[in-house]
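Assemble the complex: chain A is given as a structure, and chain B must be docked to it using the hints.
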Amino acid sequence: MVKVVVCGAAGGIGQPLSLLLKQSDLITDLALFDVVNAPGVAADLSHINTKSRVTGHGKDDMDAALKGAHTVVIPAGVPRKPGMTRDDLFKINAGIIRDLAEGVAKNCPGAYVLVISNPVNSTVPIVAEVLKKHGVFNPKKVFGISTLDVVRSSRFVSEVNSTVDPKATRVTVVGGHSGVTIVPLLSQIPGVVDGLSKEQLDALVYRIQYGGDEVVKAKDGAGSATLSMAYAGARFTLTLLEAVVAGKTGLVESSYVNLDADVESTAAFKAKHGVDYFALDVEFGKDGVKHILPLPNVSAYEQTLLDAAYPELKTNIAKGVSFITGA
Amino acid sequence: MVKVVVCGAAGGIGQPLSLLLKQSDLISHLALYDIVNAAGVAADLSHINTASKVTGHVGKDSLADALQGAHTVVIPAGVPRKPGMTRDDLFKVNAGIVRDLAQACAQYCPRAFILVISNPVNSTVPIVCEVFKKAGVFDARKVFGVTTLDVVRSSTFVNHIKPQFEPHANRITVVGGHSGATIVPVLSQIKQVSFTPEEIKALTHRIQFGGDEVVKAKDGAGSATLSMAYAGARFTTSLLEASVRGKRGLVESTYIHLNGNPGAEWNARTTGLEYFAQDVELGPEGVANVLALPDLSAEEQGLVKIAVGELKGNITKGIDFVVQGAIPVAKL
Numbered sequence: 001m002v003k004v005v006v007c008g009a010a011g012g013i014g015q016p017l018s019l020l021l022k023q024s025d026l027i028t029d030l031a032l033f034d035v036v037n038a039p040g041v042a043a044d045l046s047h048i049n050t051k052s053r054v055t056g057h058g059k060d061d062m063d064a065a066l067k068g069a070h071t072v073v074i075p076a077g078v079p080r081k082p083g084m085t086r087d088d089l090f091k092i093n094a095g096i097i098r099d100l101a102e103g104v105a106k107n108c109p110g111a112y113v114l115v116i117s118n119p120v121n122s123t124v125p126i127v128a129e130v131l132k133k134h135g136v137f138n139p140k141k142v143f144g145i146s147t148l149d150v151v152r153s154s155r156f157v158s159e160v161n162s163t164v165d166p167k168a169t170r171v172t173v174v175g176g177h178s179g180v181t182i183v184p185l186l187s188q189i190p191g192v193v194d195g196l197s198k199e200q201l202d203a204l205v206y207r208i209q210y211g212g213d214e215v216v217k218a219k220d221g222a223g224s225a226t227l228s229m230a231y232a233g234a235r236f237t238l239t240l241l242e243a244v245v246a247g248k249t250g251l252v253e254s255s256y257v258n259l260d261a262d263v264e265s266t267a268a269f270k271a272k273h274g275v276d277y278f279a280l281d282v283e284f285g286k287d288g289v290k291h292i293l294p295l296p297n298v299s300a301y302e303q304t305l306l307d308a309a310y311p312e313l314k315t316n317i318a319k320g321v322s323f324i325t326g327a
Numbered sequence: 001m002v003k004v005v006v007c008g009a010a011g012g013i014g015q016p017l018s019l020l021l022k023q024s025d026l027i028s029h030l031a032l033y034d035i036v037n038a039a040g041v042a043a044d045l046s047h048i049n050t051a052s053k054v055t056g057h058v059g060k061d062s063l064a065d066a067l068q069g070a071h072t073v074v075i076p077a078g079v080p081r082k083p084g085m086t087r088d089d090l091f092k093v094n095a096g097i098v099r100d101l102a103q104a105c106a107q108y109c110p111r112a113f114i115l116v117i118s119n120p121v122n123s124t125v126p127i128v129c130e131v132f133k134k135a136g137v138f139d140a141r142k143v144f145g146v147t148t149l150d151v152v153r154s155s156t157f158v159n160h161i162k163p164q165f166e167p168h169a170n171r172i173t174v175v176g177g178h179s180g181a182t183i184v185p186v187l188s189q190i191k192q193v194s195f196t197p198e199e200i201k202a203l204t205h206r207i208q209f210g211g212d213e214v215v216k217a218k219d220g221a222g223s224a225t226l227s228m229a230y231a232g233a234r235f236t237t238s239l240l241e242a243s244v245r246g247k248r249g250l251v252e253s254t255y256i257h258l259n260g261n262p263g264a265e266w267n268a269r270t271t272g273l274e275y276f277a278q279d280v281e282l283g284p285e286g287v288a289n290v291l292a293l294p295d296l297s298a299e300e301q302g303l304v305k306i307a308v309g310e311l312k313g314n315i316t317k318g319i320d321f322v323v324q325g326a327i328p329v330a331k332l
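Going line by line, the protein sequences match chains A and B. Numbered by UniProt numbering, the letters in the first sequence go through residues 1 to 327 in order. Numbered by UniProt numbering, the letters in the second sequence go through residues 1 to 332 in order.
Hints in this document: simulated from the structure, not taken from any laboratory. These figures come from a predicted structure and were not determined experimentally. Using N, Cα and C, we set each Cβ at its ideal position, and we do this for glycine too. A few of these clues could be false.
Claimed, not checked - In silico negatives: residues of chain B with every beta carbon more than 12 Å from chain A:
| no. | residue |
| --- | --- |
| 1 | Gln23 |
| 2 | Asp89 |
| 3 | Asp139 |
| 4 | Arg171 |
| 5 | Val193 |
| 6 | Val308 |
| 7 | Gly313 |
What the hints assert, rightly or not - Straight-line C-alpha distance at most 30 Å; calculated DSS-like pairs for lysine-lysine:
| no. | chain 1 | residue 1 | chain 2 | residue 2 |
| --- | --- | --- | --- | --- |
| 8 | A | Lys51 | B | Lys162 |
| 9 | B | Lys317 | A | Lys51 |
| 10 | B | Lys82 | A | Lys59 |
| 11 | B | Lys317 | B | Lys92 |
| 12 | B | Lys92 | A | Lys51 |
| 13 | B | Lys53 | A | Lys217 |
| 14 | B | Lys60 | A | Lys81 |
| 15 | B | Lys82 | A | Lys51 |
| 16 | A | Lys59 | B | Lys216 |
| 17 | B | Lys305 | B | Lys82 |
| 18 | B | Lys201 | A | Lys51 |
| 19 | B | Lys162 | A | Lys67 |
| 20 | B | Lys162 | A | Lys81 |
| 21 | A | Lys217 | B | Lys60 |
| 22 | B | Lys216 | A | Lys51 |
| 23 | A | Lys198 | B | Lys53 |
| 24 | A | Lys67 | B | Lys216 |
| 25 | B | Lys247 | A | Lys167 |
| 26 | A | Lys270 | A | Lys290 |
As the list claims (entries may be wrong) - Chain A is nowhere near these chain B residues, computed Cβ spacing over 10 Å in every case:
| no. | residue |
| --- | --- |
| 27 | Lys22 |
| 28 | Leu26 |
| 29 | Lys60 |
| 30 | Gly69 |
| 31 | Met85 |
| 32 | Asp88 |
| 33 | Ile97 |
| 34 | Ile190 |
| 35 | Thr237 |
| 36 | Val244 |
| 37 | Arg269 |
If we strip away everything but chain A, and leave its shape as in the complex, we get (with noise of 0.2 Å):
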């Protein structure tokens, strides 16, 4: 049985998100979990005629939705207005996060744990951290999910250089989840970033750090990214079970986790920059993950991006962190 949870199923990622992981074949039971309207989402999906089982569960429902849970995928919380930032979310988000990590430990203490809500820089940690007060925290198993970052740059690349395919392209990004932390390594990919002036190498980094707000200002109030977010929660949750379920290798994907994960590899990176989390490219196994990939030799261009990121990161970490430890 591969019982997957979604936090947040009613809402404006959730909804479409569990659309796109009812029509995997890996998933037996899809648990949809909000504070309010999830039976009738789950209503919906359920006939679907595809493989999965699905329940609704409102909030009293908590503890039965993620019994036996083997992943949780949490969008749960608000999204940004226009003139927020993702860390103007914490405020609300932060308290949602703790109470659904709470509620991990309690169910299910050895699932897979896929945040998306923001913000996630320091929404992680929070995790993290509840996990680890009750014993049962895996470095392996909890991802922020950033691929929304990666699919951005590859459409965003493709779209000025018309060589590029945005479906077969995938852009390593590195650092965190939100503006200045989002560090897309376009260095790595051949023939890019020769062609592009330094003003069009700018304007190419700063839409893939600011995307998300691109969204929220066209939305004009009306909220932030959710059919784009959806697609790619359900692209890294999607990898994650070929690799976990299936046992699928050499997966790899761009996310943000707890360094230990893979302390061989990061441990000098680690001590250097002073950052417990950091988003790299992650190579998926059976158990989650296998493999951190250290950071490639990066272009001097991009080591001012990674020399902005790092203090801004400590910051948001250390604010989920102290969220919970009160330290």
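Chain B only, in chain A's frame:
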């Protein structure tokens, strides 16, 4: 690779439907039209790293731009049901919406395939056809009422009581229309499993009122959106596979105007109706061939009789809405 337009793209069905279509490699341009919010939805979807470009078009003045050059137009636009409402109750609001969209299609993309999701489908498909006839651009092979959700539900519900029946690989023919008693799933054609008469009755009822099941579960928050998006995308994809990629032998149950479609004569004669849902083989022209109604059990024959009776009224309602509409047609 072609241009596909979604009219009502910012709605409950439109958004997830557009997300699914964004993943198709047969679509080069996905144009999203709605009276509000389409620009935001388009910006969102445009970030997905698949081939198609996405544009958003908001408000009636943008409709021409949205529709120009369309290969296929999918229409989920309109209001959804609330508990207690039948699909027919939606007619008052949705008939005008569909008529206006059809008029724009007749003007800006008269040769496009038109896929109607807006309820009540039994009446809105006749509305589209009559508008196209009035404009002199009607091609019966190109207008489809999307009844695929009934087909999807049929497989799912059979699987719920017969786990050995694989729901995804097995297709069930559903004939008639797309509401309550007009939905006739041909369960007698299923060879892999057998049913007791009680099971047939319960299954048939569940398939017919599957929509109500979701409306009730959503308790005022809407009707089926995600499963309808799934079904709508599946039908659209089948049509694109047939008409763009040239795949042959693809069969879907769909509600169409019978006259003008090859193979429809038997069904037209048997039912006495102008419009009916049945299995259709898709091809480059849209409808390649209409499959005659399969052998029906005695119960199914009874259900078809009831369906035909109800459909007559639904169809007349749709036709009259256009024919007796604000711009009168000169009687010959």
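Determine which of the earlier numbered hints do not hold for this structure and return their numbers in increasing order.
1, 4, 9, 12, 20, 27
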